[in-house]
Structures are given as structure tokens and as C-alpha cells.
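Protein chains: 2
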Amino acid sequence: MFKKLKFAVIGAGHGGQGIAGYLAYKGYEVNLYNRSIEKIKKIKQRGTIELVGSIVGFGRLNLVTNSIEQAIKNVDVIMVVLPASAHKFIAKHIAPFVTPEQYIVLNPGRTGGALEFKSIIARHNPLKEVCIVEAQTMLFACRALEQGKVKIFSKKEEVKVAALPAIRNNEFINMIHEVFPEFMPATSVLETSFNNVGALLHPIPTILNCGRIENTKGNFKYYIEGVTPSVAKIIEQVDYERMLVAKALGVKTMSLKEWLAYTYNAYGNTLCEALKNTKGYWGIMAPTNLDTRYIYEDVPQSLVPIWDMAMHLGIQTPTIDSIIHLASILHNADYYKSGRKVIDMGLEGLSVEEIRRFVINGQVSDSRGVVA
Amino acid sequence: MFKKLKFAVIGAGHGGQGIAGYLAYKGYEVNLYNRSIEKIKKIKQRGTIELVGSIVGFGRLNLVTNSIEQAIKNVDVIMVVLPASAHKFIAKHIAPFVTPEQYIVLNPGRTGGALEFKSIIARHNPLKEVCIVEAQTMLFACRALEQGKVKIFSKKEEVKVAALPAIRNNEFINMIHEVFPEFMPATSVLETSFNNVGALLHPIPTILNCGRIENTKGNFKYYIEGVTPSVAKIIEQVDYERMLVAKALGVKTMSLKEWLAYTYNAYGNTLCEALKNTKGYWGIMAPTNLDTRYIYEDVPQSLVPIWDMAMHLGIQTPTIDSIIHLASILHNADYYKSGRKVIDMGLEGLSVEEIRRFVINGQVSDSRGVVA
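Going line by line, the protein sequences match chains B and R.
Numbered by the numbering used here, the letters in the first sequence go through residues 1 to 372 in order.
Numbered by the numbering used here, the letters in the second sequence go through residues 1 to 372 in order.
One or more of the hints may lead you astray.
[As the list claims (entries may be wrong)] Think about it this way: if two alpha-carbon atoms lie no more than 30 Å apart in a straight line, the pair counts; the simulated DSS-like pairs of lysine-lysine are:
| # | chain 1 | residue 1 | chain 2 | residue 2 |
| --- | --- | --- | --- | --- |
| 1 | R | K217 | R | K4 |
| 2 | B | K217 | R | K276 |
| 3 | R | K279 | R | K156 |
| 4 | B | K221 | R | K217 |
| 5 | R | K149 | B | K221 |
| 6 | B | K221 | R | K221 |
| 7 | B | K217 | R | K217 |
| 8 | R | K337 | B | K247 |
| 9 | R | K217 | R | K149 |
| 10 | B | K276 | R | K217 |
| 11 | R | K221 | B | K276 |
| 12 | R | K156 | R | K276 |
| 13 | R | K279 | B | K217 |
| 14 | B | K151 | B | K39 |
| 15 | R | K151 | R | K276 |
| 16 | R | K247 | B | K337 |
| 17 | R | K4 | R | K151 |
| 18 | B | K217 | R | K221 |
| 19 | B | K279 | R | K217 |
Just so you know, these hints were derived from the structure itself, not from any lab.
Next comes chain B alone, as it looks inside the complex (with noise of 0.2 Å):
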């Protein structure tokens, strides 16, 4: 019998409330923590998380703090539940802290999360070697409906899941396999990374839906609705530009058509069918505004980091590069400049096989020894 895996939830937002009061119904010690203590007041006089939707129950949690120290304090897997724009942040923070035999998992990385986190904790504490876990999606579709209250409305049936280093995959699966059955090893971070359909599915139908968006409040169904056959040619274009950037790093890619076959056993003639075939996404809204996460996260943390490997291997990416210039000018920021780079993930300077190496087995080494 293994001892129960105890976990720190990071982040409280919708989905952190929701792997915490899942964890926490199921029984595991958690303890979470939110950088602002204001947004966990209520959960904290609670001490529980309720969860309302296609998952009923109660789940009482070990601690609620802001002291990243104290959450993550004895715990063996550390879930970061936050916008991959808070990762810069948290990496730093949690550096002091995190040992060893701890497992980091970002839910989701988005793209070159892991590879940054890694990059930032080896420069702030060089001597340790943590393993970075990234999930491909979050596993959870749910929304907060207040503090301590969640409404799950899916949980994805398979969520692709690589460590870095990748040969600490089977360790991490074995270990998490109790609790999440879910996870499914990729080939490496790469894998997870250049597959974030985040990066397609959230700033286009946002950005060539915006008059919408501020017209109506977001008053529409964001899928069913926003996503028509003209948002589906440039959804599949950008989808063609990320694919040819992931073939040429040697990774294993599945067009979105085909990802939302494999997760939600969703078909259509074209893209733009199968979403509306997408059961999970029948309920979900527009955001209410354009300051929302599907621009603020997914173009700095996932386009900008497809964008910036293309340049890295020299290949153009110019509808990439369309939907990062209007983002930017719509949020007033530069994210060519803000967003995540090849020197964020530590990879500047790098060939294919060099990354892959480092993917692989933490080391940009050969077998022989001889650093490249």
C-alpha cells in the first residue's frame, strides 16, 4: 500500500478551486494557496470547497494560505493552476522552497511552460533538480460560482502529460495514476507543448469576434456562435503554421480536428462541425470583455513562444504573426517583447537534436558527455 500522496494546490482561481476541492473530495490532503489572501477569505473561514455539476460533493481542505513556503511545505506534488502568465512569478517563488522529490505539475503550461519554470528555478537555485511536469490541457472545464463553490462542467477523458526530463515520465505516472487516470505519458514537453490548442482556439475566435464581445458584453455562445466557417479558415491556418514548427522539433502533432476526436469524441465534416459537435463547449460564453485571459495569456504564453521557435528554425508563421500584432495593439503591450521566447525555455543557441536531448534526458549533452 503507498503512503497518500499529498498535494499543494497553487492558484484559486476557477480551476484551482476545482482540482483542490476534487483532490481534497477524494480525499487527499491539499493545501491552497493564492498569491492575494483577499481571494481566498471566504474559503478559508470555510476550510472546505463544494463541488456542484457533473461532480456533487464536499471536499475539506488542509490549509489555505498565501505563504507559498508554507503550502508547499511536505507535500509531493505541487499543482499550479494559473494563467501561464503568473508562471515567471510563482517559478521564482517557489524556488527558494522546492526539494527534490517534489513534483511541479503546470495544469496547463501552455507553451515552454515547463521549459521556463525549469529555466528560472535552476537560475535561482542551481543545485536543484526538480521535476517539471506539464499538462497538455487543464483536466477540468469549471467555473468558481463564488469563493469555495465550483461547478464542474467536464473533465476530459485523457490529458496528455510530460515531465521534464521525459525519462521521469513513468515514475510520475505511476506515482499520479491513483488520482489522475486521466494523465497519459507524452513523448516529452515538446509533445504537450506544441499541441496547446489554447493557443488556436482562444485569441482568434476572441479577436475577429471583439466587435461582438464589447457590443453585446460577451453575450453569446463562444463556440456554437463565435466560431463560423470564415473563424475556422483562420483557426486552421494558424493550426498549420503551429503543426509545421512542431514537425520540423521531430514532435508528434494532431491537427485540432482530430485532438477534439481524440479528448471529447467530437467529429464533423470540417473543424468548424466538429466544435459545434464539442458537447463540453455548448455552454460556454463569450468573455465579457477583451481583457480576458484567452488574449492576455494564450498570445504571450502561447502563440509568442510558437512564434518565437519558428524564427529560432526559420520558418515563417505570418498568420502567428497577424493574430500576436493585432492582440497587442488591442491590449496596448508589445508580446513580440513581453511574451515567453526560446531564451525564456533556456533553449537559445540550440539545435532540434540539441532540445530534443534536453527534453529527453535533462541534458543538452550527448551520451558520450561531450556538451554541445
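With chain B's structure known, arrange chain R on it following the hints.
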């Protein structure tokens, strides 16, 4: 007393029927041409065009024909009222029949229309020095309710026009003044071409509302509901890039916001507010689908010539690029390739000074007769 002017109106769409009806109603002799006879069958039977809306009356046409030769025979002014994408075709077919004393007026030319028209006529009929006049926008906002019945929404108070060459501005304005006192001389066709607001108002709100257009079949107010602060942000960025190019050509520019004040007496603290205060725009609905001249005319004949002139002058226009690129995907077209370019305007290899000389006096060479 001048002789009463005779007109040919080329194109029997909304604008063509509007102008033909207005001229006939004012008592001028008007020949109406359309390429397809099917589209003017009913007008031919009736022999009249009825005006409703802000101008109410009847006009009897002299001739309704699909023969361009007969349409322009013995007329003084040839009013071309067609999507700019048809200018190439018309220029080629009009070239053998047009005479040097006739004026060809492009209503409007979009960007580089007069230059392209002149270049095509010169190629097909090198001996003819025809005066091409470019209007900056359409005089009327109107819609054909059926063949031979046009609703006039509004008439602009002033429309800038320029002759090519501009040394013929005065003779044209003097001649046309009794008919169209709204026509005011611009410095040259560079001014009318690079102050083409269709480049801003047509493709951008269409693309940034493309989900809504397809999902609702255009059932929303194009300017009032479709142009929100974020859509206006992208418009302003394209406006900025357009003005950069115009300024490099030494062209007097007006921002879109200034133009709304100048043309419609519409004001606001922001562009978005000014657009909402433009009464002429209140009733205008969105196109019913994406197969609209807002894209297939204004991308290749407005944005592409601005982009290509920017390239010619070494100016970056990343936002214009993004819009052209997305429009090309939406229409399965290569608008960079098919659009109007510097070479089509007959300006390839010319310096800014040579371009300016050419639009003013019709000659690239300077006053000493030195060909550049």
C-alpha cells in the same frame, strides 16, 4: 450659356443607378452602361430611374446598354461607378473608344485608381491623352431597392476630386460645377488615393466582426454596433500607417476622425464616438456574408496599393499587412498578388519627386525636359 453636359454612367449597381438617376432627374442626358444586360433589363424596359429617400423624383435615361462604345459616344463625362476591382476590365474596354476631350471620373478610385486607369489606356491606346479624374469617395450613400428604384440615404457635402494630371483640375471643376458643386479640387490623385477612407472603414470592422456577420447573416448595425473601442483601435493603427505613407509622398493627410468632421460634421472625443455620431451611418447594416466588396474591393484596391507603396518607399506597415493576410485567408485569395500595386499604377522605379511631377503635369521629366 454653356451647352448642357452629356453623361455616360458605367455600372448599374447601387451607386451607378443612384448617380444615373440623379443626373437624369436633374435633366442631363444620361447613357447607362452595364456589362451584363440581365442586370439592367427592367431599367431598359422602364427607361427611368425612380429616386426615393432624401431625394425624391424620376429621371428618364437616354440609353440603357451593354455596349460600352455606344454608351460613351459623344458624351462629355464618363462616370465610372463600379467596385474598383472592375476598373482594369473597364479601362481596357473603354480604351479604343474614348476621345481626348472626354473626362473619365472614377467614383471613387480607391487607391491608385486613376493612375492604373491611365496606365491601361496608355498601353492600349498610346496616342490618347485622356483626363482621368479620381473622386475620393462616393458622393451618395444609396441602395437600389430594385432595378430602376434607388433609395438615397445621404449626399456628402463635399467630395475631393483630382484630375490626372492635376494641371487639368480647374478646367474639370469649372465644367462640372453646375452639376456637382460638391466636387472640390484636391492637390493631386495622390491626395484622393491616400485619403481613401474605405481602406479603413470597410475591411477592418468586417474582419473583426466576421464571426457575427456569418452567425447573424449581418443582422447588426455595421458602424453603430460593429465598431467598438477595440475595433476602432485597429482602425486607428491602420490610419496611422496610411498617413505615414501619405506623408512620405508629400500628401496632405486628414485622419479618419478629421475626415468625419470635415465630411459629415460628425465629432467625438474618440474615433469610435465620432463614428457613432455620423448620422449617415446610422441605418447601415453589416454585409450579410463575407463575400462582400468591403473585402474583395477594399483589400486589393485600397490596402494593397498602400502596402505596396509603403514597400516602394521603405516604410513598415505591419497592421495593414495583418489585415491583408487575414483577408487573403478568408477569401482563399492572394490579395498581395492580385491587388493593385505600384507597377500597375505605372510608377515602378520612380522617386517621390518623379511621382509628384507625374501626378501634377503628367510627365516624369522635370521642367527642363530631362527624362528621369
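Given the hint that K217 (chain R) pairs with K4 (chain R), does the C-alpha gap stay at or below 30 Å? Roughly 45 Å between the alpha carbons, so the hint for K217 (chain R) and K4 (chain R) is violated.
Tell me if the straight-line CA distance from K217 (chain B) to K221 (chain R) falls inside 30 Å. 16 Å, holds
Regarding the pair K279 (chain R) and K156 (chain R), is the alpha-carbon distance no greater than 30 Å? Holds: K279 (chain R) and K156 (chain R) sit about 11 Å apart, inside 30 Å.
Given the hinted pair K217 (chain B) and K217 (chain R), is their Cα-Cα distance within 30 Å? 20 Å, holds
Take a quick look at whether K276 (chain B) and K217 (chain R) sit within 30 Å of each other, Cα to Cα. 18 Å, holds
Given pair status - K247 (chain B), K337 (chain R), alpha carbons within 30 Å: 29 Å, holds
Proposed proximity, K276 (chain B) with K221 (chain R) (alpha carbon, max 30 Å): 26 Å, holds
Is the Cα-Cα distance between K217 (chain B) and K276 (chain R) 30 Å or less? 18 Å, holds
Just to be careful, I want the Cα atoms of K247 (chain R) and K337 (chain B) compared with a cutoff of 30 Å; is the pair within it? 29 Å, holds
Given the hinted pair K221 (chain B) and K221 (chain R), is their Cα-Cα distance within 30 Å? 20 Å, holds
Given hint K217 (chain R) paired with K221 (chain B) - CA-CA distance at most 30 Å: Roughly 16 Å between the alpha carbons, so the hint for K221 (chain B) and K217 (chain R) holds.
Checking one constraint from the list: CA of K151 (chain B) to CA of K39 (chain B), max 30 Å. Satisfied? This hinted pair holds, its Cα atoms lying about 18 Å apart.
Comparing the model with each numbered hint stated earlier shows that hints 1, 5 do not hold.
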